[in-house]
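S.K.: Listed below are the residues making up each chain.
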Amino acid sequence: MDGIHDMGGMQGFGAVAPEPGEPAFHERWEGRVFGMSLTLWATGGPIGGMRSQLERIQPGRYLASSYYERWEHALEEMLAERGVLAPADVDRRIEGLRAGGRVPERSDPAMVEAVLADMQPRPPAEPEGGHRFAAGQPVRVRRISTAVHNRCPRYVRGVSGVVERLLAPDWLPENEDLGEQRRAPCYTVSFAASDLWPDDGADHTVLVDLWETYLEEAG
Amino acid sequence: MDGIHDMGGMQGFGAVAPEPGEPAFHERWEGRVFGMSLTLWATGGPIGGMRSQLERIQPGRYLASSYYERWEHALEEMLAERGVLAPADVDRRIEGLRAGGRVPERSDPAMVEAVLADMQPRPPAEPEGGHRFAAGQPVRVRRISTAVHNRCPRYVRGVSGVVERLLAPDWLPENEDLGEQRRAPCYTVSFAASDLWPDDGADHTVLVDLWETYLEEAG
Amino acid sequence: MSEGHHHAREKSPSELRTMALEALLVERGLISTDAVDAVVEQFQNEIGPRRGARMVARAWVDPAYRERLLADGTAAAAEMGYGGAEGERLVCVANTPDTHNAIVCTLCSCYPWPVLGVPPVWYKSPPYRARMVREPRVVLREFGLELPEATAIRIWDSSAEVRYIVLPMRPDGTEHLDEEGLADLVTRDCMVGVAVPQVTEGVAA
Amino acid sequence: MSEGHHHAREKSPSELRTMALEALLVERGLISTDAVDAVVEQFQNEIGPRRGARMVARAWVDPAYRERLLADGTAAAAEMGYGGAEGERLVCVANTPDTHNAIVCTLCSCYPWPVLGVPPVWYKSPPYRARMVREPRVVLREFGLELPEATAIRIWDSSAEVRYIVLPMRPDGTEHLDEEGLADLVTRDCMVGVAVPQVTEGVAA
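Protein chains in written order, with my numbering: chain A, 1 to 219; chain B, 1001 to 1219; chain C, 2001 to 2205; chain D, 3001 to 3205.
FYI, nobody ran anything at the bench for these hints, they're computed from the structure. A couple of the hints might just be wrong.
To be verified - Listed next, with one range per pair, are the computed distances between beta-carbon atoms: (1) G2029(C) to P1124(B): 31 to 39 Å; (2) G2029(C) to G14(A): 31 to 39 Å; (3) V3199(D) to A86(A): 21 to 29 Å; (4) G1083(B) to V2199(C): 38 to 46 Å; (5) P2171(C) to R98(A): 39 to 47 Å; (6) A2075(C) to A86(A): 55 to 63 Å; (7) P2171(C) to R1028(B): 49 to 57 Å; (8) A86(A) to P2171(C): 45 to 53 Å.
Said to hold, decoys possible - Reference listing, derived: stretches of chain D covered by chain A, where coverage requires no fewer than 3 residues with Cβ under 8 Å from a Cβ of chain A: (9) 3013-3019; (10) 3057-3071; (11) 3108-3120; (12) 3128-3139; (13) 3174-3187.
Note that the coordinates shown come from a computational prediction; the quantities given were computed from them, not determined experimentally. Don't be surprised by glycine CBs; every beta carbon is placed ideally from N, CA and C.
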C-alpha cells in the first residue's frame, strides 16, 4: 500500500516542533483511545493491526488529523469492518451524550489483569534461523508494490545495501490482508545515504529492518 | 523536491470523480486567479514558474486546497518573494473590501494585446539536436534527489526503460532555482508497468518525458 | 465583469483574497482588469475541446492532415489557428485497433490548453494523477470504458514540456457525417483518452 | 476517572466520538472502564523514559550489564522488570566517540513503549518521520545537537518488529554520581538520539 504514511525522505513538511514538558496524553480522550485499543488487543477483541488500518486513511484526512484522531478513526473502521458497530451507532451515541448521557462505568478485574499482563516481560521469542542471506552480504530491495499492507518503505526500494544483522523470523505484514499466517526471516539492512539520495551530499547510514521477502541478491 | 505533488503511483486517494458538464471555472474568482497569472506571465511580470511554487506548498495544505486555491496561494508567495507585496498587504486589502471597497477597473489595450498574443501559435521552436541517447536505446532513470524543483517523478527513479522518442532540448526545470539558464535534450522514455510496479500484474506501458540529465545508460 | 453583483451573498475566503490580490496588482500597474477579462473570456468561450475535436475530425476525413498531425502536432494545430502557452510542443498520439492511449500529468496538471482548454477538476485531482499511471484499466473502467484484454494501453505522463492529445479512432457508422458533424462526436474525454467517441442512435445513419 | 468534570466546557468532536465509542464498547462488554483506566494510569505514571534511563545508567556503571544490554535488549529490559507490547524485540545501539545513533519510524511511529513510554508528538509528526532518514544532521541541529563532521551518523528506521533504544555515552564529570543520579541525566531525547546527556553546573562535582 503506497499511502501517505510512507513518508521517509519526503520534503516540504517544515521543521520538527518539540514541545517541552510534553505529557503522555494532551487530552483525556487521547488516553482513552490508547487505552481502549490496548484493552481490545490484550483481550483478543474484534480489531486487527493498527498500522495497516492507519495506512488506509485518505491522505488528506491523514495529514489533517492528529495521531490519536487517526487511531480513533481506525478503531471505528476496524469495528465496523467486523460488524461490531457502524459509524452511525457512534453518531447516535454522540447525540445521547449531548443530551446529557454518560459513559457507563464497568469493572472487570480479569480484563484489568489482561492489560497489565500485556505490559510485562514475555518469555523469550522462538529461536532464530532459516535465513537466506548472511551478515555482510549485499542485498537489493525489491520494488515491492503490493496493494496490501506491507512494511517496505519506498525510499529503499530498488536500492542495494548490506545485511547488518539477522533478525528473528517474524509474521509477514501481509498476513492479515492475505488471510494466511506465515513468518519469514528479517534483517537489518544498512544503506548509504549517498545511494538513497545521491544528490544530497549526505554521508550518514540508514538502517532499515526488512523481511526476507522484500530482498533479493545484489550483484 | 520530493513533495506531495509527486503522486504518480500513490494509493489511497479513492475514486476519480468526473463532473458532467463542468464549466471552465466554477466560480468567478477561479477565472480571475487564472487570468491574473496569465497576464503576469504574458507581460513579464514579477512571478516565476507556477509548478515549482506549487510544490513548496506544505503537504497538508496542498491536499486540503483546490487547484485554484493553490494557484492563488502560489501567486501570493511569488509576489512576496519578489518584494512586490506581502501577505499582510492582502489581509489589509481584504479588510478594505469587507468595508465596502471595490476592485478598481483598469484598462490597458497593450496588456490585452499581450495576453491575446500569448494564445496565438508561435514560430517553430529551435532545431533539435545534441542527444546522447538514441531511439530504442535502454536507459535508466537516475535517483534524482535534488531539493530544488525537478521534473523527475519518483515512480520511475532507478527504473530502466527504452527511449521512445527524442524531444527537442528544453530549459532545465532546475534553472530557476539554480539561477542559471541551461537547456538539455529531452526524451520520451517508455516503461513497462511490470518494471515500475512488479507486484501489480499490470501489462500497460507508461511513457514519461525526461531531461537527459535524469538519465544514464542501462546495462 | 465587475464584482458588484456578488455583494448580495457572503464572499468565500478565496474570493476575498483573490479580489484583494487583483486590486493590489491593478493599483501597482502590474495587471489591467481588461487583460484578466480577456483571458477569462478566451478560456470560457474560445479555447476549449471544440478545437481539438475539429483537429480530430479533420484528421479523420483528410489523410494528409492526419499525417501532418501525427508528425508535428504543434504545426498541425497552428494550421487551424491554435497555439500559444501550454501548446508550444504538441504531440498527438493515435489510437489503433490494438492500442489505446491516454494522458495524465502526475506531477501537476499539465494539459494542452490551446486545443482542450483548461483541464477539468478530475484531471487535476490526486486520484487521477496517482492512479492513471498505475492502474489505468481500473480507472478507465470507472469512466465506463472497458477495453479488451488484448488492447495495449499506453499512458503518457506529461512530465516535461510536451503536451499530448489523443487521436481517437473514427467510429463505424459515421460515413455520412461532415467535419462539423464528426467533431460533435469528439468529446474532451476522448482526447484525454478516458473515453472513445460514441455514435448515438440519432447520429448514426 | 469519570468524564463528569468536563461538563463545564464544550466537548471537542474527537472527545465526543471517543466517549461514544467507549460507551458502546462498554455496553457490549468488549472493554471495561477500569481496564482502560489501568492502561492510562500505567502510561501516565509507570511506563516512561525513566525506565530506559535506569537501564542506561546501569550500563554506565556495570560493564557486564552493558554487555548484556547490547547483546539482547529484550532480556536486559526484562531483568529490570520492563517488557511487553512494543518491546518484544528490543535492540540497544550504543553511541561511541565516532558514532552517533538515532531512531525513527518512517512508516508510522513505532517506539519502544516499555522503556520509553508513548512517543512525543514530534516523533510521530511528518517532519520528523520524513526528514530524519534523509537529513539527520539538519534535524539534529534543529534539536540543538551539533555533531562533529567526522562523527558517523546511523539512523535506525523501525520498519519491522524490532524497537530501538540508543545507549548514549556517559558524560565526563559524572564520576561522583550513583545510578539514580546518572539516570537523571538521561532524557527521552538522549535515548531517541536527538540529544546527548548534559551535565549542568549543579550536577558536576
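S.K.: Regarding G1083(B) and V2199(C), is the given constraint of 38 to 46 Å on their beta-carbon distance met?
M.R.: For G1083(B) and V2199(C) the Cβ distance comes to about 58 Å; the hint is violated.
S.K.: That 49 to 57 Å hint for P2171(C) and R1028(B) (C-beta), does it hold up?
M.R.: violated, 38 Å
S.K.: Holds or violated: the region 3108-3120 of chain D covered by chain A, criterion of 3 or more residues with Cβ-Cβ distance under 8 Å?
M.R.: holds (count 6)
S.K.: Mind taking a look at whether chain A covers the region 3057-3071 of chain D? Criterion is 3 or more residues with CB to CB distance under 8 Å.
M.R.: Not satisfied, violated; 0 residues make the cut.
S.K.: Holds or violated: 31 to 39 Å for the Cβ distance of G2029(C) and G14(A)?
M.R.: About 35 Å separates the Cβ atoms of G2029(C) and G14(A), which means 31 to 39 Å holds.
S.K.: Go check the region 3013-3019 of chain D versus chain A for me, would you? Three or more residues, Cβ under 8 Å, otherwise it fails.
M.R.: The restraint on the region 3013-3019 of chain D holds, since 6 of its residues have a Cβ under 8 Å from chain A and three suffice.
S.K.: Could you say whether the range 55 to 63 Å given as a hint is met by the Cβ separation of A2075(C) and A86(A)?
M.R.: holds, 60 Å
S.K.: Note whether the CB distance of V3199(D) and A86(A) lies within 21 to 29 Å or breaks it.
M.R.: For A86(A) against V3199(D), whose Cβ atoms are near 57 Å apart, the range 21 to 29 Å is violated.
S.K.: Confirm or reject the coverage of the region 3174-3187 of chain D by chain A under the rule of 3 or more residues with a beta carbon closer than 8 Å to the chain's beta carbons.
M.R.: violated (count 0)
S.K.: Is 31 to 39 Å a correct range for the gap between the Cβ atoms of G2029(C) and P1124(B)?
M.R.: Since the Cβ atoms of G2029(C) and P1124(B) sit about 34 Å apart, the hinted range of 31 to 39 Å holds.
S.K.: Verify the CB-CB distance for P2171(C) and R98(A) against the hinted window 39 to 47 Å.
M.R.: violated, 58 Å
S.K.: Is the gap between the beta carbons of A86(A) and P2171(C) within 45 to 53 Å?
M.R.: Since the Cβ atoms of A86(A) and P2171(C) sit about 46 Å apart, the hinted range of 45 to 53 Å holds.
Violated hints, listed in ascending order, are 3, 4, 5, 7, 10 and 13; each of the other numbered hints is respected by the structure.
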